[in-house]
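Whole structure, please, built from the sequences with the hints as guidance.
Number of protein chains: 2
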Amino acid sequence: MKCEIISVGTELLVGDTLNTNAQYLSRELSLLGIRVLYHTTVGDNPKRLEDVMKIALGRSDLIITTGGLGPTQDDLTKEVIANLFGKKLVQDEKVKEDLLQYFVNREFVMTDNNLKQTFVPEDAVVLTNPKGTAPGVMIREQGKTVILLPGPPREMTGMFEGSVLKLLNKEKNQLVVSRYYNISDIGESAAEDRLLDLIDVQDNPTIATYAKMGEVLIRITANGKDEKEISTLLDEYETIMIQRFGENIFAFSKDSLAEAVGKLLIEKNVTIATAESCTGGLIASQLTEQPGISKVFGLGIVSYSNEAKQTVLNVSRETLETFGAVSEETAREMCDNLRNISNADVSVAVTGIAGPDGGSAEKPVGLVYIGLNVKGNTEITECHFKGDRKIVQQKTANKVFHLIRKSIVDKVE
Amino acid sequence: MKCEIISVGTELLVGDTLNTNAQYLSRELSLLGIRVLYHTTVGDNPKRLEDVMKIALGRSDLIITTGGLGPTQDDLTKEVIANLFGKKLVQDEKVKEDLLQYFVNREFVMTDNNLKQTFVPEDAVVLTNPKGTAPGVMIREQGKTVILLPGPPREMTGMFEGSVLKLLNKEKNQLVVSRYYNISDIGESAAEDRLLDLIDVQDNPTIATYAKMGEVLIRITANGKDEKEISTLLDEYETIMIQRFGENIFAFSKDSLAEAVGKLLIEKNVTIATAESCTGGLIASQLTEQPGISKVFGLGIVSYSNEAKQTVLNVSRETLETFGAVSEETAREMCDNLRNISNADVSVAVTGIAGPDGGSAEKPVGLVYIGLNVKGNTEITECHFKGDRKIVQQKTANKVFHLIRKSIVDKVE
Numbered sequence: 108m109k110c111e112i113i114s115v116g117t118e119l120l121v122g123d124t125l126n127t128n129a130q131y132l133s134r135e136l137s138l139l140g141i142r143v144l145y146h147t148t149v150g151d152n153p154k155r156l157e158d159v160m161k162i163a164l165g166r167s168d169l170i171i172t173t174g175g176l177g178p179t180q181d182d183l184t185k186e187v188i189a190n191l192f193g194k195k196l197v198q199d200e201k202v203k204e205d206l207l208q209y210f211v212n213r214e215f216v217m218t219d220n221n222l223k224q225t226f227v228p229e230d231a232v233v234l235t236n237p238k239g240t241a242p243g244v245m246i247r248e249q250g251k252t253v254i255l256l257p258g259p260p261r262e263m264t265g266m267f268e269g270s271v272l273k274l275l276n277k278e279k280n281q282l283v284v285s286r287y288y289n290i291s292d293i294g295e296s297a298a299e300d301r302l303l304d305l306i307d308v309q310d311n312p313t314i315a316t317y318a319k320m321g322e323v324l325i326r327i328t329a330n331g332k333d334e335k336e337i338s339t340l341l342d343e344y345e346t347i348m349i350q351r352f353g354e355n356i357f358a359f360s361k362d363s364l365a366e367a368v369g370k371l372l373i374e375k376n377v378t379i380a381t382a383e384s385c386t387g388g389l390i391a392s393q394l395t396e397q398p399g400i401s402k403v404f405g406l407g408i409v410s411y412s413n414e415a416k417q418t419v420l421n422v423s424r425e426t427l428e429t430f431g432a433v434s435e436e437t438a439r440e441m442c443d444n445l446r447n448i449s450n451a452d453v454s455v456a457v458t459g460i461a462g463p464d465g466g467s468a469e470k471p472v473g474l475v476y477i478g479l480n481v482k483g484n485t486e487i488t489e490c491h492f493k494g495d496r497k498i499v500q501q502k503t504a505n506k507v508f509h510l511i512r513k514s515i516v517d518k519v520e
Numbered sequence: 108m109k110c111e112i113i114s115v116g117t118e119l120l121v122g123d124t125l126n127t128n129a130q131y132l133s134r135e136l137s138l139l140g141i142r143v144l145y146h147t148t149v150g151d152n153p154k155r156l157e158d159v160m161k162i163a164l165g166r167s168d169l170i171i172t173t174g175g176l177g178p179t180q181d182d183l184t185k186e187v188i189a190n191l192f193g194k195k196l197v198q199d200e201k202v203k204e205d206l207l208q209y210f211v212n213r214e215f216v217m218t219d220n221n222l223k224q225t226f227v228p229e230d231a232v233v234l235t236n237p238k239g240t241a242p243g244v245m246i247r248e249q250g251k252t253v254i255l256l257p258g259p260p261r262e263m264t265g266m267f268e269g270s271v272l273k274l275l276n277k278e279k280n281q282l283v284v285s286r287y288y289n290i291s292d293i294g295e296s297a298a299e300d301r302l303l304d305l306i307d308v309q310d311n312p313t314i315a316t317y318a319k320m321g322e323v324l325i326r327i328t329a330n331g332k333d334e335k336e337i338s339t340l341l342d343e344y345e346t347i348m349i350q351r352f353g354e355n356i357f358a359f360s361k362d363s364l365a366e367a368v369g370k371l372l373i374e375k376n377v378t379i380a381t382a383e384s385c386t387g388g389l390i391a392s393q394l395t396e397q398p399g400i401s402k403v404f405g406l407g408i409v410s411y412s413n414e415a416k417q418t419v420l421n422v423s424r425e426t427l428e429t430f431g432a433v434s435e436e437t438a439r440e441m442c443d444n445l446r447n448i449s450n451a452d453v454s455v456a457v458t459g460i461a462g463p464d465g466g467s468a469e470k471p472v473g474l475v476y477i478g479l480n481v482k483g484n485t486e487i488t489e490c491h492f493k494g495d496r497k498i499v500q501q502k503t504a505n506k507v508f509h510l511i512r513k514s515i516v517d518k519v520e
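So the sequences go chain by chain: R and S.
108 is the number of the first residue of the first sequence in the working numbering; add one for each residue after it.
108 is the number of the first residue of the second sequence in the working numbering; add one for each residue after it.
Zero decoy hints are in this set.
Identical chains share a label here; the pair holds if one copy fits it or two copies do between them.
Quick list of in silico lysine-lysine cross-link-like pairs, BS3-like style, CA-CA up to 25 Å:
#	residue 1	residue 2
1	Lys-273	Lys-251
2	Lys-506	Lys-238
3	Lys-201	Lys-223
4	Lys-238	Lys-502
Quick caveat, the hints were computed from the structure, so don't treat them as lab data.
Below, the structure is given as structure tokens:
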């Protein structure tokens, strides 16, 4: 099956938006054994969209479009494709009901242009949008399959995972199941190196790696006629993953490091407190994205200024003056004193230079001290991170989560 | 001049590589006033590459390709295009010399396949590669301009900035300038509704809207022969934008709400402190993404538990017991006491229920109290947000930023 991905949106052609959708779909389709031979991007222009659709229908069997399904005037993908196949747009009652409910739930006033989204080409399969208002559409005509997905990546991936994957698998008469392994403290190239022998001969299962800052997600995907056949294949690979990555695996899921640590703290009932300088609340903020975290997290302090470090965290003026705010000694006092204030099982304190200003030859941008107190005993980790302000902040947070996780896992095992 | 970007490489079609080249070129070309109408991606396959080149020559005046210029067997772009124009590949002595020198300089041994890179189509303009070995090529034939650039982003951008920009500048006959207006507290459809009359007749300038959570970015783009002509057009639209969106415009740029507020605080030298319950540090964290914020931000407290509210923020036990942690009274005490601890010009406190648990009929998930103290005077805003935990947290943060901004702008104007 030859496939083409058509991305619709002038924002892509003027360079405002990076086309991550085409990459996501290419990878997903490749893992399903579908050959993607072309990507095409075209603006919100009906004539040019029609032209590229005609070219695509001439050379591809499966065409997946993204973008142009929303409520505004320049959202034209459905209209152009319905017209091309000589189909009318008809209002779908279920879609209309969902749309009205969407606005009721959010207490938004619905403007009339939103109703445009309730019209779909006649005889088309409607794909629900779990993350937004614009439904997707699948049309089969003249031996071709055309699937229309929304442009915003969250909505597009939500619809792909929720509906399209099933439809494509049905067509191939097979089941596909993926398992995920999320690892920290190993780079993507290094992780891939450890998998090279498997990647080189991959067929079923297939292996894909996705790198985020400080995390590498490994996905193992197997296909087969039934669940048992697939489980056998995946179990074999799970053993290999554990052998090769061991305690670097922080989640057997797509959970981020912050999520995994949040869940672990709740599960083990380990209380935690945070004192942040250069991360400015990022660690507390990412921890508290986790539902139920209030069971173990009570207090975070963002002691950005020296005054706040003295007033709220009781760091001595002498320490700040002798060693500076970014020093092992300040990190230690922040951590020890936080432990006394909070009485938490784990207290963590960070102080560092996120940049772009504030660095010196002796204490450059990226220097961060992390204090970790576990049941009264404080250990300091000195880190040197590269990157801009946001990257230094996120790398610091990830290192903290890695250290917290390690301390709990080591204690428990 | 209609332009098409053709990206060559199977790694793009299987999703291994994100196509950042197409975005970079689109942006650069748009700024030169060149309209990019299509992106096409094709694999390292001579027949399909030839087909997409033929389609491009039929609809575009300027075609820029990236990829397929290297030394390996599957690098075929030069060969396919020379063949299409009926041109021979001839060895370029200067390119050969540079290539040999490249390897001498790096003390690498040159393998023979590298010599493939010294052959270029006859009569073509050779573009030197400041960051690698494969030269680029420009061909003008039959009223069309075809520019072949290497695939690795460093090499591609180096060649674009070093050679292509100059060549295109000679040809350009107009300038293009965009202005941005970022607005809060209005949805995308509602914003577009207010612009519909302009969008319907748009030609020059053009209008585009981009929605993020709680923010809508409006871009106005004009073209003309010189800066003055463009400024006149854009000034006229700026007046309209201010009339229609007024104080909802929080940035005359692409800045996010948090960035705009961070910059405003620094610019006006207004000091700020935060006390967060349900947002868990998100407000402090987004503020401290802003470089230089330490000038105005000293202290943030994440008082997640009742104990922390009492110990660190001195909220009275009576208030917590009588009215509950999520109440106007608690928000007021958090805010007042934070003001006393921090002595900041603006103190902000939030307490609410982010969910999914913890809600009741009387105090449902999404109920948030925001306290804002400006120079001693505290005002409470009661909010009811819909959405999941993360959305409630982000909406709360955005509302806080909106209120902070309003208080500063109102005070100043």
